[in-house]
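In order, the protein sequence lines correspond to chains A and B.
In case it helps, this note's numbering puts the first sequence at residues 1 to 439.
In case it helps, this note's numbering puts the second sequence at residues 1001 to 1280.
A portion of the hints provided could be inaccurate.
To be verified - Straight-line C-alpha distance at most 30 angstroms; calculated DSBU-like pairs for lysine-lysine:
id: 1; chain 1: B; residue 1: 1202; chain 2: A; residue 2: 49
id: 2; chain 1: B; residue 1: 1185; chain 2: A; residue 2: 436
id: 3; chain 1: A; residue 1: 49; chain 2: A; residue 2: 79
id: 4; chain 1: B; residue 1: 1205; chain 2: A; residue 2: 323
id: 5; chain 1: A; residue 1: 30; chain 2: B; residue 2: 1112
id: 6; chain 1: A; residue 1: 433; chain 2: B; residue 2: 1112
id: 7; chain 1: A; residue 1: 323; chain 2: B; residue 2: 1208
id: 8; chain 1: A; residue 1: 49; chain 2: B; residue 2: 1205
id: 9; chain 1: B; residue 1: 1185; chain 2: A; residue 2: 437
id: 10; chain 1: A; residue 1: 54; chain 2: A; residue 2: 30
id: 11; chain 1: B; residue 1: 1112; chain 2: A; residue 2: 318
id: 12; chain 1: A; residue 1: 318; chain 2: B; residue 2: 1208
id: 13; chain 1: B; residue 1: 1112; chain 2: A; residue 2: 323
id: 14; chain 1: A; residue 1: 318; chain 2: A; residue 2: 30
id: 15; chain 1: A; residue 1: 14; chain 2: A; residue 2: 246
id: 16; chain 1: B; residue 1: 1202; chain 2: A; residue 2: 48
id: 17; chain 1: B; residue 1: 1033; chain 2: B; residue 2: 1168
id: 18; chain 1: B; residue 1: 1205; chain 2: A; residue 2: 30
id: 19; chain 1: A; residue 1: 433; chain 2: B; residue 2: 1185
id: 20; chain 1: A; residue 1: 153; chain 2: A; residue 2: 246
id: 21; chain 1: A; residue 1: 30; chain 2: B; residue 2: 1202
As the list claims (entries may be wrong) - Label-pair restraints from in silico Cβ distances:
id: 22; chain 1: B; residue 1: 1063; chain 2: A; residue 2: 432; range: 38 to 46 angstroms
id: 23; chain 1: A; residue 1: 312; chain 2: B; residue 2: 1115; range: 21 to 29 angstroms
id: 24; chain 1: B; residue 1: 1262; chain 2: A; residue 2: 93; range: 40 to 48 angstroms
id: 25; chain 1: A; residue 1: 93; chain 2: B; residue 2: 1259; range: 37 to 45 angstroms
id: 26; chain 1: A; residue 1: 435; chain 2: B; residue 2: 1095; range: 34 to 42 angstroms
If you're looking for bench data, these hints aren't it; they were derived computationally from the structure.
For each residue, glycine too, the CB sits at the ideal point set by N, CA and C.
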Amino acid sequence: MGSFFGGIHPRYNKELSDRQAIETMPLPGKLIVHFTQNLGAPPRPIVKKGDDVKKGQVIAEPGGFVSAPVHAPTSGTVKSIDVYPHPAGTDMPAAVIVPDGNDEWADGCDVERDTNLLDADAIKNLIQAGGLVGKGGAAFPTHVKLSPPPGKKINLLIINGAECEPYLTADHRLMLDRPSEILEGAALFARVIGVDLIIVAIERNKPDAIGRMSEHAAGRAGFSIEAMDVVYPQGAEKQLIYSLTKRRVPAGGLPMDVGVLVQNVGTAYAAYEAVTFDRPLIERVVTVTGSGIVQPKNVLARIGATFEDLIAFCGGLKSDTGKIISGGPMMGVAQYSLDASVTKGTSGIVLLTNDEIPQFTGDACIRCGRCVNVCPMGLNPSALSIFIERMMFERAGEYNVMDCIECGCCAYVCPSRRPMVHHLRRGKAEVRKAAKKAG
Amino acid sequence: MLTAIIALASLALLASFGLAMAARVFAVEIDPKVEAIEEALPGANCGVCGLPGCAELARHIAEGTAEVDACPVGGEAVAHMIASIMGQTFEGGGVRSVAMVMCNGDDEVAAKRFFYNGVYDCNSAALLFGGDKACSYGCLGQGTCAGVCPFGAIDMLPSGLARVNPEKCTGCTKCVSACPKGIIKMIPSDRTVHILCSSHDKGGKVRKSCRVGCIGCQRCVKAAPEGAIEMEENLAVVNYEADIPHTVAESCPMNTIVIRGPGIVEELDTENKAAVEGRA
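Using the sequences and the accompanying hints, generate a full structural model.
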């Protein structure tokens, strides 16, 4: 299958961890569970210091429709509620849960049910109650994507297994180790929105995953496995839709505007768990990798597991490790503390050694236009970064800075080593601020 | 040859006659007051008066739709000059206000959580965990205020702190709105006792992140005259309307209280001194 405009070919470095089968991490001594784990309205905490919680019990209720509940990842006691570093780059309130070791489910959880008896609304409600958010990184609440407004007809479901971000192999391993569960989950999404065609899109650099998924999809109606060109950011929602269907999501629009729903393979797996067994989203696969870690692994970790415990589980840091990134090296956020913990959107932790850390000097733009050639959104990052540097945020808005998906292609190719994504994030923040002010 | 010279000369005569007539017929009358006022205004076109530039303000003053002291930047001196142009008298009032960065936590005394090497700009730095300082209220030292100051009145000290030069500060307040931490305050220029801290954190947390932060012990509140220093959420704040003796500074266990202002000779270490004087 084809491709989209722009994009880059970075070194993927996936061989560090793509042969490592998913390993379950033993319960750590403490879990730091963030209350805000979704895009949209922050959930409201409903536990307090000293409360006993059961595994799967709701500890924060949705703060609105575009919000998802947060569940206790194990049974234990809430030791404290305090501000901790959130891997997305802010300090946020979180509950510190000390496990009691029994790992005991709350009432009503972990019970198998026959999903054939459920209608579309029942499935959607179970997904909403399970606290599902997009596990690809953006953490957008899943049930919102499954509720298109009347008049918007969705006729294609894309299950995103592209995993174009360098280093990360969590989705890759999930497709190898849990293929039939992913397909079951995808079929549940298809039933909710009533589509017949499901495309599982996988980049060609994962032939084993394409083979395994094809094997399991063989007997099922409606599934098609597509091998995608290897180009970053193939796995970005709008780019993937264009590659597969040549449909363009309008600026500021959503995939549902062109009749498409995209869900990550991890989210499909979580939907299977939530609907079939009433297990809310309390664990996920995290790739711990990079040349700064002793044993790169794909770890099935509880939500709230600290980076410190994850790194210890993977044999610890090497002596010259200089940077910890939550997410992949292209779109991830550098972390300053190992108290940062796994959230629903944490797909990996990349540890880089000192000599691998890129230095962005912030020299002047030489207007070579390389960033324009690679921007998958068809923007002019060169002009945008200059506007933002000179605090001309209105102009940046006119040049559609809000369409930027922060993929980092422009920064990757810039010969002046300009911190492009940092400029663009600033610009987006300022445009949002101005829009809020204007009401 | 001769024909060409005569032809061009007569053409020139004709054209100059035309121009001279046009200048008379279409003459634009400029109020000499507007020109004089514009000359008197600082000419930074900063926009603080609310008008698009100094020329526009000059027109408004000449027409009487703006007061003679409408330029907050020019202050009293400019107001006097404009008043004499307008044939009015200006009674000087009050003390001009200047900006001050309410943080003294430079790299020597304030702890950092990580090494930041992104865009040199405070608003950009604040996007990642609110900045690299362990204190979430502290000056980020990335020079945004110095960049927006139209008068070059803010120095970035090599120790990682912004510092307003009260001599050059005109009180335009551009830096106040540019600072993402909101720690630049406008104060009367004749005051000398300052509490250079903006942290509302509790004492224990302040001690961990900064050696000159206000820990909220309230000793200065007791040492100062009543109502001269007040507590606002774990932070002692100077009431700039009150007179405070310099001895109050001795009561502060953290050296957060700084004596600075007109007539006070301050000791800066050599590096910072060079930076301040190099730009003066």
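Taking the hints in turn, this is what the structure says about them:
A distance of roughly 20 angstroms separates the Cα atoms of residue 1202(B) and residue 49(A); the hinted pair therefore holds under the 30 angstroms criterion. Proposed proximity of residue 1185(B) and residue 436(A) is supported: the alpha carbons are some 25 angstroms apart, at most 30 angstroms. Under the criterion of a C-alpha separation no larger than 30 angstroms, the hint pairing residue 49(A) with residue 79(A) is consistent with the structure, at around 6 angstroms. Of the supplied pair hints, the one linking residue 1205(B) and residue 323(A) holds, its CA atoms being roughly 26 angstroms apart against a limit of 30 angstroms.
With a C-alpha separation of about 26 angstroms, the suggested pair residue 30(A) and residue 1112(B) falls inside the 30 angstroms cut-off, and the hint holds. For the hint pairing residue 433(A) with residue 1112(B), the CA-to-CA distance comes to about 28 angstroms; that is within 30 angstroms, so the pair holds. With a C-alpha separation of about 24 angstroms, the suggested pairing of residue 323(A) with residue 1208(B) holds against the 30 angstroms cut-off. About 20 angstroms separates the Cα atoms of residue 49(A) and residue 1205(B), which keeps this hinted pair within 30 angstroms; it holds.
Proximity of residue 1185(B) to residue 437(A) is assessed by CA-CA distance (about 23 angstroms); at most 30 angstroms being required, the pair is judged to hold. Among the hinted pairs, residue 54(A) with residue 30(A) is consistent with the structure: their alpha-carbon atoms are about 15 angstroms apart, no more than 30 angstroms. Between residue 1112(B) and residue 318(A), the direct Cα distance comes to roughly 23 angstroms. Compliance with the 30 angstroms bound is thereby established for this hinted pair. About 28 angstroms separates the Cα atoms of residue 318(A) and residue 1208(B), which keeps this hinted pair within 30 angstroms; it holds.
A threshold of 30 angstroms between alpha carbons decides the hint, and for residue 1112(B) with residue 323(A) the separation of about 16 angstroms falls inside it, so the pair holds. Simply put, residue 318(A) and residue 30(A) have alpha-carbon atoms about 24 angstroms apart, close enough for the 30 angstroms limit, and the pair holds. Between residue 14(A) and residue 246(A) the alpha-carbon distance is near 28 angstroms, which keeps this suggested pair within the 30 angstroms criterion. Only pairs whose Cα atoms come within 30 angstroms are accepted, and residue 1202(B) paired with residue 48(A) is accepted, the gap being roughly 22 angstroms.
A hinted pair counts as satisfied when its Cα atoms are at most 30 angstroms apart, and residue 1033(B) with residue 1168(B) qualifies at roughly 27 angstroms. At roughly 23 angstroms between alpha-carbon atoms, residue 1205(B) and residue 30(A) fall within 30 angstroms of each other, so this suggested pair holds. At most 30 angstroms may separate the alpha-carbon atoms for a hinted pair to count; residue 433(A) and residue 1185(B) meet this at roughly 22 angstroms. At roughly 18 angstroms between alpha-carbon atoms, residue 153(A) and residue 246(A) fall within 30 angstroms of each other, so this suggested pair holds.
Distance check on the hinted pair: residue 30(A) and residue 1202(B) sit about 26 angstroms apart at the alpha-carbon level, within 30 angstroms; holds. Separation of residue 1063(B) from residue 432(A) is about 41 angstroms and conforms to the stated range, judged on CB atoms against 38 to 46 angstroms. Residue 312(A) and residue 1115(B) have their C-beta atoms about 24 angstroms apart, which keeps the hinted 21 to 29 angstroms range intact. Evaluation of the 40 to 48 angstroms hint for residue 1262(B) and residue 93(A) yields a pass: the beta carbon distance comes to about 46 angstroms.
Between residue 93(A) and residue 1259(B), the C-beta spacing of about 40 angstroms keeps the proposed range 37 to 45 angstroms intact. Our hint of 34 to 42 angstroms for residue 435(A) and residue 1095(B) holds, since their Cβ atoms are close to 39 angstroms apart.
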